[in-house]
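Dock chain B against chain A, hints included.
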Amino acid sequence: MSALAPLLTKRWGDERSWTLESYRRAGGYEALAKALALTPGEVLATVKDSGLRGRGGAGFPTGVKWSFLPPPDGGPRYLVVNADESEPGTCKDIPLLMADPHSLIEGIAITAYAIGCHHAFVYLRGEVVHVYRRLLAAAREAAEAGLLGPSVMGSGYDLRLTVHAGAGAYICGEETALLDSLEGRRGQPRLKPPFPAVAGLYARPTVVNNVESIASVPWIVLGGADWWKSMGTEKSTGVAIYSLSGHVARPGQYEAPLGVTMRQLLELAGGVRAGHELKFWMPGGSSTPMFTPEQLDVPLDYDSVAGAGSMLGTRALQVFDETVCVTRAVTRWMEFYAHESCGKCTPCREGTFWLRAVLRRIEGGQGRAEDMQILDDIPKSIVGRAFCPLGDGAPSSLVSSLKFFREEYLRHIELGRCPFDRRASELFEEADR
Amino acid sequence: MSAEMVTCVIDGIELEVEKNTLIIRAAEQAGIMIPRFCDHPLLKPVAACRQCLVDVASPAGPEGKLRAFPKPQPACAIAVTPGMVVNTQLTSAAARTAQEQVAELILINHPLDCPICDKGGECPLQNQAISTGRPISRFNDKKNTFPKPLQLTPQILLDRERCVLCQRCTRFAAQIPGDPFIALQKRGANQQIGRFDAATLGYAPSCGEAVDEAVDDSVTPAGEPFAGYFAGNVIQICPVGALTSAAYRFRARPFDLVSTASVAEHDSNCSTVRVDCRRGAVLRRMAGDDPNMGQEWITDKDRFAFRWQVAADRLRRPQVRVDGALQPVSWPVAIAAAAAILREAQAGTGVGVLPGGRLTLEDAFAYAEFARRVLGTDNVDFRARASSPEEAQFLAHHVAATGVGVTCDELVAAPAVLFAGFDPEDEGGVLFLRLRAAGTKVFSLAPFASRAIKRLGGRTIPLAPGAEAQFLGELAESAESAESAESAVVESAAAGARPAADVVELREALRAGGVIVVGERLATRPGAYAAALRAAQSTGARLVWIPRRAGERAAVEAGLLPGLLVGGRTADAVERDAALRLFGRERPPAGGMDLPRMLAAAAVGDLDALLIGGLEIADLPDPALAQVALRRTKVVALQVRGDELAEWADVVLPVAPPQEKTGTYINWEGRLRPFPQVLTSTAPSDARVLQAITDKLGYAVHFARVGKVHEVLEDLGAPEGRPAPPNRPAAAASPLAAGEAVLSSWRQLVDDAAGVAEEPYLTASSIAARARLAPATAEALGVTTGDVVTVSTARGAISLPLVVEAGMVEDVVHLPLKSPGSWVHATLGAADGSVVRLTASPAGPAKEEDE
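Respectively, the protein sequence lines represent chains A and B. FYI, this note's numbering numbers position 184 of the first sequence as 195, with every residue one higher than the one before it. FYI, this note's numbering numbers position 272 of the second sequence as 284, with every residue one higher than the one before it.
The shape of chain A in the complex, shown without the other chains (with noise of 0.2 Å):
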């Protein structure tokens, strides 16, 4: 069986793909002539139907996350769409909305019109400005066509789209800390409840849904919910994005059902690069423990992964092989989660702090026995203390890179200095720290 089932990646080649002329060659926009001839609620209902399920890191069903908007009191709702993409190792949207930006507005629109909304905002990642650039442009176009504005495909449907550029905090991925930034607030988890569905942008009621599950969306309103159910697992229906990355041949983005395994998506990258062999790898980005060689044939579905003791999330699978020092990689990740703290609550704020300076001394070989300890014991006191599911996953790579490569750490101290030469397992030249 060829693992890969291109769909969202499908027009990434065409020649200049991201124009609307390209996406309407290829079919775009069908889906959403469709969706328009339905009711709202006959689209929510094939949504919810095809199991589709959240594609930023949780996996909640989408279209069950839709149901829960009250029923309309004439006031508005709004769809707000996360691209905020930020997770170490995670790389799908950005090219997606490089590549493909009519995807997502397709998708957006069509989810507007399921859900009864008529201002969409797409919360961008800022660092981005060249996607930022394509999607406004993108947006532009399809607001000429009629696509957009007053009177949707000419249905009398009105929407208005807002590309919001964020300012390049890791915690606006945080769905009410991306409201407060949209709202003009400073970027922070909000309380819950209320949940957005019911006092979300601007306090009323919000869907707030990854790009990649919005770009699916039209792909389920075109093949029809059991087609959409054909693919993926039986909790995990449908294709994603796998963004392959590190020690690998031929790094990118490999499109296949949920379900597909490791071992099978190395193969189609070429393998862990040549020469080497595989040491760790993680499932989703590097929030979620990692993985050894010995999980390479766990299916690749939301419920195989969390079974096997990690979690899907984006899935960013981040190949290291043999050559890499464990401790300086989680050192890296850690220095990122102390960097990226919001600050707001104090588990998260100081535990990765405290972390993140133990990490940098037994890495630069000023480890101390006691140290172990602290290692241990702190991520104990950010899991489940802290305020948002960030601050949960800070120490995620910590902690199962103590289950698998504890000798490691006892090595640094023991040596006072790092046993592994930075140089192996640099894939770039010149890439002094």
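Check each hint, because a few of them may be wrong.
Stated by the list, open to error - Each computed SDA-like pair below joins lysine to any residue, with the alpha-carbon atoms no more than 20 Å apart:
#1 B:198 / A:195
#2 A:203 / B:91
#3 B:198 / A:138
#4 B:83 / A:388
#5 A:45 / A:233
#6 B:198 / A:346
#7 B:56 / B:449
#8 B:155 / A:233
Said to hold, decoys possible - Now the stretches of chain B that chain A is said to cover, found in silico as 3 or more residues with beta-carbon under 8 Å:
#9 60 to 69
#10 76 to 90
#11 104 to 114
#12 118 to 130
#13 142 to 154
#14 191 to 201
Calculated directly from the structure, the hints in this document are not laboratory data. From the three backbone atoms N, C-alpha and C, an ideal C-beta is built for every residue, glycine too.
Using the frame of chain A, we list chain B on its own:
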């Protein structure tokens, strides 16, 4: 009114609490203290510090089986639900562990500098570190440090490394007064509280001009953004030693302080305060718990302004004028000299009594007795400010001996409140916070929307000073006539610039149980009190008078007005035997003069002596006339302070400031606010000094002592009939000549008041004086915001930088009444509502006024 109750179990204790009670509050009711930092009962929950994690289980499913939350939950953010079972650190190992874990993390970046910290000894962090933290820190790495202290306002200093980022201060500023002067900046362990600072945030100057219209452009004398009149509260609610007071920093250790629960003397709310002193000196004041008034908040003036009582010009010894100069003398000599002056004046053209508006009930009572029984005069007026005979009539009719009227709780719960001649923040203090917290709908008769009205989301009915009487009269008429909206006030609103819909809404809200608040400024508006009474009567609204000064209500009760006797009796209505009992005379003295008439008489030699107490010349509507009068006549002064006495006093009798005596204020609600003596002192109260003079004069009159005055008033009860209300008609506004404008003026909460003497940090944190004009008026004058305009009368001129105020009534100029650079009474001889000349000052940059 019984709230819906919910039963839950906390640590095995079953208890019933009101629905929506947070777990942390419910636990308090059961006597269980869950550690916390960010939680504050008057602020919305944030669940940021995570110190209050507890185990929670609640019934779920059709059978209602208990289902535990998978992880500990913040007790400060979750409301109790029926059947909920909570296990705190006392009964749950998991909760205990979670709290210990958080406590360890809270402390890793804290400097642990308790020995040199102001908070050490009264610090929630210290307490919880002991109850929940580790004996020895496991953190062996480099802590975060910051330059310290950071000056948030001249009065408030921040030590960022002590901060645990609970956000109580930023939430207070945004939620309670609506003065968000500080915010969180940066993130992670670098997160910090601060004001906007380009350096902290790494803003390049090239980021350009701010595009947002500033909500509030008030600045301090140094040009910094104004942080509000309530900012000092953040020092008190800081659960660590991060926020400190510039005036108190490093002055004392909490465990060396002796605390006394007392009452603040600066406004008629008479807020509850805690006075902390050490070795005979007051070092700081804190907000007391006062659920029915300020809750846990006080104004910065109540908090920081107390050194006036021991200022450099505090009078310590009696003085008598000998050979043209005041000489220190003994008490008996001074008392004898005072008695001689008063006896002589009694025999001559008489004595006037000007006791001021800051007296306790006991001292006011003594003044009233002294005037009527001893001196036998009705020349007595407590109003050391702009006033009118109509106001005295109003006070006698509506205020005196009415007991507790509209309370603060009732006021903020009213469907609508109308302010006339009253600014709810500048002249209302913590009342503003209560209104804001309750979201009360407010309407204000004012020439422009003040900071307070803007932050209350209130409606301003734009009126030039002086137009209030006519408006209130029309409002009354409209309520008296038809139910229809086609009434006079609406028509006149349509004719003028008033939004007619607001007026109709106001009328209907008043009919539904609204409250009209009148302030002392209505005194200068002929017919305004009569119209306010009529408007209240016709709409069924309640009417409450809120004075600025703490002593005014007590002075009304004691009868310190011409024609108004103690307990609301009037000279012409009091019965013979009551008069005999009260005054030892068949007819009480009557036909007395009020303050302006007394000063006018004294100035021309028609009043031989003045007995004054706590009188500030610059507060009088015509200070120049007062100077003439005081120089011309003999003056016996009972004062706490006063350098200016040297110029005109003949006998100076130093009396005790509030903190050195015991007494009772009556706040604007009519509630008695007794306070104890804070400091040991030999300074006598006004009452004791007056008693000594009485004795010297040979009268067998004994003033009721502290504690007895309440009884006397109670025995007296309410009068049988009330004097007639004022019925003066509204005066038509006189047309303005070219270049003239109507002056609008009231006192800012912190200004050049005597009460803020020697508080440099507080005054540096106040609002700099600005002139205000409507856009059209400014345009006609050829000036804009930032230009200097000059307001003048025949007496003098005040030049201030201008703020163009959108929506302001045209041909009105607003100045603060007694702020640095803007002493309206003293410089212009004018008052709120006077006609003044308006000119643009010669070109040139606005100069910042000096201290």
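Q. Tell me, which hint numbers fail for this structure?
A. 8
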